[in-house]
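Put the two chains together into one complex; each comes in its own frame, and the hints tell you how they fit.
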Amino acid sequence: GEDVEQSLFLSVREGDSSVINCTYTDSSSTYLYWYKQEPGAGLQLLTYIFSNMDMKQDQRLTVLLNKKDKHLSLRIADTQTGDSAIYFCAESLTGGGNKLTFGTGTQLKVEL
Amino acid sequence: GAGVSQTPSNKVTEKGKYVELRCDPISGHTALYWYRQSLGQGPEFLIYFQGTGAADDSGLPNDRFFAVRPEGSVSTLKIQRTERGDSAVYLCASSLGSGANVLTFGAGSRLTVL
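Quick note, the sequences are listed as chains Y and V, same order. With our numbering, letter number 68 in the first sequence gets 68, and the count goes up by one each step, no holes. With our numbering, letter number 109 in the second sequence gets 221, and the count goes up by one each step, no holes.
Take the hints with a grain of salt, since some may be wrong.
[What the hints assert, rightly or not] Chain Y residues, not near chain V, derived (Cβ > 12 Å throughout): (1) LYS99; (2) GLN107; (3) LYS109; (4) VAL110.
[Unchecked claim] The calculated DSSO-like cross-link candidates involving lysine-lysine, where the alpha carbons are at most 30 Å apart (straight line), are: (5) LYS129(V) <-> LYS190(V); (6) LYS36(Y) <-> LYS109(Y); (7) LYS56(Y) <-> LYS70(Y); (8) LYS68(Y) <-> LYS56(Y); (9) LYS190(V) <-> LYS36(Y); (10) LYS129(V) <-> LYS36(Y).
[Said to hold, decoys possible] Short derived list, chain Y residues pointing at chain V, Cβ under 10 Å: (11) VAL4; (12) LEU10; (13) SER27; (14) THR30; (15) TYR33; (16) TYR35; (17) GLY40; (18) ALA41; (19) LEU43; (20) GLN44; (21) GLY82; (22) ALA85; (23) CYS89; (24) SER92; (25) THR101.
It is worth saying that the hints were derived from the structure and are not from the lab. Each residue gets a CB set at the ideal place from its N, CA and C atoms; glycine is no exception.
Chain V on its own, in the form it takes in the complex (with noise of 0.2 Å):
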């Protein structure tokens, strides 16, 4: 597409229930990252794929957090048993995955967990 897309743009969701969040990157973009961001902070990184393998998911703060993009395209961070302390804007990028790598970002998936 032409750009990022981030699917829902907000999700409101209870305590201990599971989300799913949904980023389908600019196509051709073989580097497709996903940030945390929350209020009055800069972005965190969280996991980034180069093709359909997890290069660096450094970020993830714990198990209950999982991202897959099983064909290289698509991608959907996953997050279990969600609690308050999730709720902040998630963010996903793609990129060329080359030279300057630049990111273009979609416009965020807004989290508030009750």
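Excised from the complex, chain Y in its bound form (with noise of 0.2 Å):
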């Protein structure tokens, strides 16, 4: 079965990188995607990466993919006050449909 496993909680100061992982069961992943919500807000993409690569850049985020131990994080350079959100990791999955399996969520808090 699916299970996507997050750590809860990361608090960062502001400008440090955030580095958030998230760990998946099924080998059969097609897709993996990060989706930020920010209160009271729906979930917003953020990025997503093939799961034939290893890493995805796009501006101050760094997605990387270890295949072999499942694991995934992504890596928010020169975190800012207004990355404070809850960040979700998900997988669509080969013969799964188009539907996505989110992890728990890892809520980022970014201090002065």
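Following this line, the structure appears as structure tokens:
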């Protein structure tokens, strides 16, 4: 079955890098995604990576995928107070239709 | 429309009542999804439509939950005989349904069952 796990909280100082981690159990993932959710708002897609890639960089965001260990991470460079939110990783599976399975979410708090 | 629109944004009802939640997806998106998000949890899949038909309804928790998309655009999630445990934010998303299948989410409908 599918199980996507994340640590619950991360606190960083403004200007530092943040690394949010995610592990998943199903090896048939096709795409893996990072979504951001701010209070009272819907989920906003940040970035995604195809499962045959190791890394993807998009401005301040770097996604690393270790398929052998089933580990996904999101690095945010020069973290700002506006980055404070809950971050969800999600996977879509080969043969799983088009639905996404989400992790439990990591709350990122950026302190001055 | 420009984004995914969900109505109502907030719904308070009493236990045992019937509730309908509406989703208006992005124009041209053939795939539409309903998720449920309880406090402190990630979104949980309920049902997915490709066009007018439900391609996967494996996430619907029981037969009190039903969803329709009669013309392949707007969808309605229907909950009968609501229970307190149904209280959650119900999220709708739409996508082109192919390739990387990027889901665009609405702001959600917060349901509170008293």
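Structure-based check of each hint:
1. LYS99: Incorrect as stated: the minimum Cβ-Cβ distance to chain V is 5 Å, not above 12 Å.
2. GLN107: violated, 9 Å
3. LYS109: holds, 15 Å
4. VAL110: Given that every Cβ of chain V is farther than 12 Å from that of VAL110(Y), nearest at about 20 Å, it holds.
5. LYS129(V) <-> LYS190(V): With a Cα-Cα distance of about 11 Å, the restraint between LYS129(V) and LYS190(V) holds, given a limit of 30 Å.
6. LYS36(Y) <-> LYS109(Y): holds, 13 Å
7. LYS56(Y) <-> LYS70(Y): Holds. LYS56(Y) to LYS70(Y) sits at ~16 Å (cutoff 30 Å).
8. LYS68(Y) <-> LYS56(Y): Measuring from Cα to Cα gives roughly 17 Å; hence the hint holds.
9. LYS190(V) <-> LYS36(Y): holds, 28 Å
10. LYS129(V) <-> LYS36(Y): violated, 33 Å
11. VAL4: OK, holds: VAL4(Y) within 10 Å of chain V, min 8 Å.
12. LEU10: violated, 16 Å
13. SER27: SER27(Y) check fails; min Cβ-Cβ to chain V is 19 Å, beyond 10 Å.
14. THR30: With a minimum Cβ separation of about 9 Å from chain V (threshold 10 Å), the hint on THR30(Y) holds.
15. TYR33: TYR33(Y) check passes; min Cβ-Cβ to chain V is 8 Å, inside 10 Å.
16. TYR35: holds, 8 Å
17. GLY40: For GLY40(Y), the interface hint holds, since the closest Cβ of chain V sits about 8 Å away, which is under 10 Å.
18. ALA41: holds, 6 Å
19. LEU43: holds, 4 Å
20. GLN44: holds, 8 Å
21. GLY82: Not OK, violated: GLY82(Y) not within 10 Å of chain V, min 18 Å.
22. ALA85: Violated: closest Cβ of chain V sits about 14 Å from ALA85(Y), beyond 10 Å.
23. CYS89: Nearest chain V Cβ about 9 Å off; hint holds.
24. SER92: holds, 6 Å
25. THR101: holds, 7 Å
Consistency note: the structure conflicts with the earlier hints numbered 1, 2, 10, 12, 13, 21, 22.
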